[in-house]
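Colleague: Spelled out from the first residue to the last, the chains are:
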Amino acid sequence: MDLLTNLALGFSIALSPWTLLLAIIGCFVGTIIGALPGLGPSNGVALLIPISFSMGLDAISALVMLTSVYYGAMYGGRISSILLNIPGDEPAMMTCLDGYPMAKQGYASDALVISGVASFVGAFLATIGLMLMAPMLARVAFKFGPAEYFALYMLAFCTLGGIGSNNQAKSAIAAAIGLGIAMVGLDKTTGMPRFTFGELHLMDGVDFLVAIVGLFAVAEVFHFIETHGRDSAIGVKLGKITVDWAKLWSTRWAMLRGSGIGFLAGILPGAGASLGSFLAYMAEKATAKDKETFGTGNPRGVAAPEAGNNAAAGGALIPMLTLGVPGSGTTAVLLALLLTLNITPGPLLFSERPEVVWGLIAALLIANFVLLVMNVPMVKVFVKILQVPSWILLPGVTMVAFVGIFSLTGSAFDMQLMVAFGVMGWVFRKLDIPTVPVILGILLGNSMEDNLRRAMVLSDGDWTYLFSSPIAIGLWLAAVLGFVAPIFLRTVLKKPTLPVTDDLTSD
Amino acid sequence: MHADRIFGLFMMVLALGYILSAMGIQTSFMSDPVGPRVFPYLVAGVVMLCSLSLILRPDPNADWPRGVMLAKMAFSVVLLVAYALMIRPLGFILPTVIVAGLLSYQINPRPVPAALSGLGLGIGLYVLFKVILGLGLKGLPPALMG
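Chain order of the listed sequences is A and B.
Per the numbering used here, residue 1 is the first one in the first sequence, and the count goes up by one each step.
Per the numbering used here, residue 508 is the first one in the second sequence, and the count goes up by one each step.
Just so you know, these hints were derived from the structure itself, not from any lab.
A few of these clues could be false.
Here are the simulated lysine-lysine pairs, DSBU-like style, with alpha carbons at most 30 Å apart [claimed, not checked]:
#, chain 1, residue 1, chain 2, residue 2
1, A, LYS384, A, LYS240
2, A, LYS291, A, LYS104
3, A, LYS380, A, LYS240
4, B, LYS637, A, LYS384
5, B, LYS579, A, LYS430
6, A, LYS380, A, LYS188
Distance windows between CB atoms, simulated [what the hints assert, rightly or not]:
#, chain 1, residue 1, chain 2, residue 2, range
7, B, ALA581, A, LEU477, 41 to 49 Å
8, A, ASP58, B, ARG617, 41 to 49 Å
9, B, LEU549, A, LYS247, 52 to 60 Å
10, A, VAL243, B, LEU577, 49 to 57 Å
11, A, ASP432, B, ALA581, 21 to 29 Å
12, A, PHE197, B, PHE582, 23 to 31 Å
13, B, LEU559, A, GLN105, 46 to 54 Å
Among chain B residues calculated to face chain A with C-beta under 8 Å, some are [stated by the list, open to error]:
#, residue
14, ALA510
15, THR534
16, SER560
17, ASP566
18, MET576
We put the beta carbon where it would ideally sit given N, CA and C, even for glycine.
Starting from the given sequences, assemble the full structure and let the hints guide the process.
Modeller: As structure tokens, then:
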């Protein structure tokens, strides 16, 4: 069978000692990144791309290590949600709702175990789903021409903007700013410089890694300075980790339901893990008989969103690998990684470089088991790391950002550009403008324009060609729907408020 | 004045400048039906539409930092720009100790821990990146090393 031979190929690559070691390091670093408040999967992976690139890792090794970091961060986000009521990253927000009340009642260990196992179930099932569905979608993607790709990019921007922001104009302007930045540099078709203003540094365009590290990591530093860097880790108390098997078993359906919902949410372009965990929690609460106990420490309220968030992380890899269109901020960062490694995602990736795809899938399956071990019996190690004070952590993050860009490009201009992107990211955050569409615009801008121009070459300048095939029309309709529908759904999909934090040290 | 309105006006001006700049893009003999100018025009058009929406229907303002906090943030930006310029001529360790220490002081204004974290990060990160990960960093000022 095709699938089994492919998997065997994948494992033959992933089971080499060197790749395994990288996966373990990636999982460890990823869990730390996820657990630390303020560092999430997207800025964590963004910080590490330039560094792993400068270390000269080959494509598969770098990919395995950084996707392990990605999965690890998804696991780790729950730790600070449960212990501190501060989501380690955005998708872990829903885990606060029942996880923190459980910790307050003295069930911190149960909450950590259940959410760790739920993360495993979600991520594992999603990786299996990825394995089965990605090749199918890759076959469909062969039918895509330039017109369909152009419509697909529109769909990604529209749904990302529609779901990611409270004001459609703000997410649309963010995407347009990103696309505008992507235009800087030499035009590929004609070789003419655009928007370089005679500046030699800009001829190659704005390096997307500089933009990503600036917008995601440096902006976070400014945000921390402004909010005085709450010393978050005070009052963490955690007894011995024990497993309450009966309680764990009672959450099995919540985990499975959460995985299914999260996986589907992850596949949707623009939705991603935050929506996955949100929908999984809401669905679990809506179908439960004991609705009123949700928010007061119901174990299923921890299991469902964690399974959902990790399943969505796996699902989001499907559109990214088969179509080259990321579904979330973090997969946008992973796309940046692929482009840095000279791997072009898309249907051809599956037929021409099967070793990359299947090596990655095998590595993800292995990473899941490593993460289960790290996140259940060894979780105390990460709780210790959580106690690093922000006045060491934040300067450290800044310096790592600089080292990465410096060793990648060696130019002071790029580092200053990174600081400028950091300021921009902070201002945008203040204005409630999402920064993920900016990144997506910078990443996809050139190929979006390229597809538009190729479509026009094919049709000899007839713009109706963009709407000429059934697939393209379907994508355009979905794009319009994805942009407009959230306006009406906003009242229904209102995020519940976090539980009130009270001082654990006082009792 | 709403922050959204100011941002909208700013982006409007920027989009106009973008269009002006796009009009100056040269086309070569081997061009396609669309050419290198149309997509930038479309992008600028979207920016202008959104800016108009922000000017007409701004969201309520967030809390913007003022006074001391604003000065503190401006100082951090200056610090980082200076760091970007120093890292090549002065090597990695010295600028990192200074900038990391000062940043740490911005977050938690106690001089001794700040100085220690600056020292620790400057030396620790150098060891991590240079010795363990093997990145091409210069630790000390290259001028001193001859």
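Colleague: Determine for every hint whether it applies to the structure shown.
Modeller: Right, here's what the structure says about each hint:
For the hint pairing LYS384(A) with LYS240(A), the CA-to-CA distance comes to about 14 Å; that is within 30 Å, so the pair holds. Only pairs whose Cα atoms come within 30 Å are accepted, and LYS291(A) paired with LYS104(A) is accepted, the gap being roughly 20 Å. Proposed proximity of LYS380(A) and LYS240(A) is supported: the alpha carbons are some 9 Å apart, at most 30 Å. Taking the CA atoms of LYS637(B) and LYS384(A), the gap is about 27 Å. The hint holds against a cut of 30 Å.
For the suggested pair LYS579(B) and LYS430(A), the alpha carbons sit about 17 Å apart, so the restraint of at most 30 Å is met. Between LYS380(A) and LYS188(A), the direct Cα distance comes to roughly 52 Å. Violation of the 30 Å bound is thereby established for this hinted pair. The hint said 41 to 49 Å for the Cβ distance between ALA581(B) and LEU477(A), and at roughly 47 Å that hint holds. Against the hinted window of 41 to 49 Å, the Cβ-Cβ separation of ASP58(A) and ARG617(B) comes to about 45 Å, which satisfies the hint.
The hint said 52 to 60 Å for the Cβ distance between LEU549(B) and LYS247(A), and at roughly 56 Å that hint holds. A beta carbon spacing of about 51 Å between VAL243(A) and LEU577(B) agrees with the range 49 to 57 Å that was offered as a hint. Checked against the hint of 21 to 29 Å, the pair ASP432(A) and ALA581(B) passes, with Cβ atoms roughly 22 Å apart. Range check, PHE197(A) to PHE582(B): Cβ separation about 29 Å, and the 23 to 31 Å hint holds.
Checked against the hint of 46 to 54 Å, the C-beta distance between LEU559(B) and GLN105(A) comes to roughly 52 Å, which is consistent with it. Hint status for ALA510(B): holds, given a least beta-carbon distance of 6 Å to chain A, under 8 Å. Nearest Cβ of chain A to the Cβ of THR534(B): about 6 Å, under the 8 Å cut. The hint holds. Because the smallest distance between the Cβ of SER560(B) and any Cβ of chain A comes to about 4 Å, under 8 Å, the interface hint for this residue holds.
Nearest Cβ of chain A to the Cβ of ASP566(B): about 6 Å, under the 8 Å cut. The hint holds. Hint status for MET576(B) relative to chain A: holds, with the closest Cβ pair at about 6 Å, below 8 Å.
In summary, the structure is inconsistent with hint 6 from the numbered list given earlier, while agreeing with all the others.
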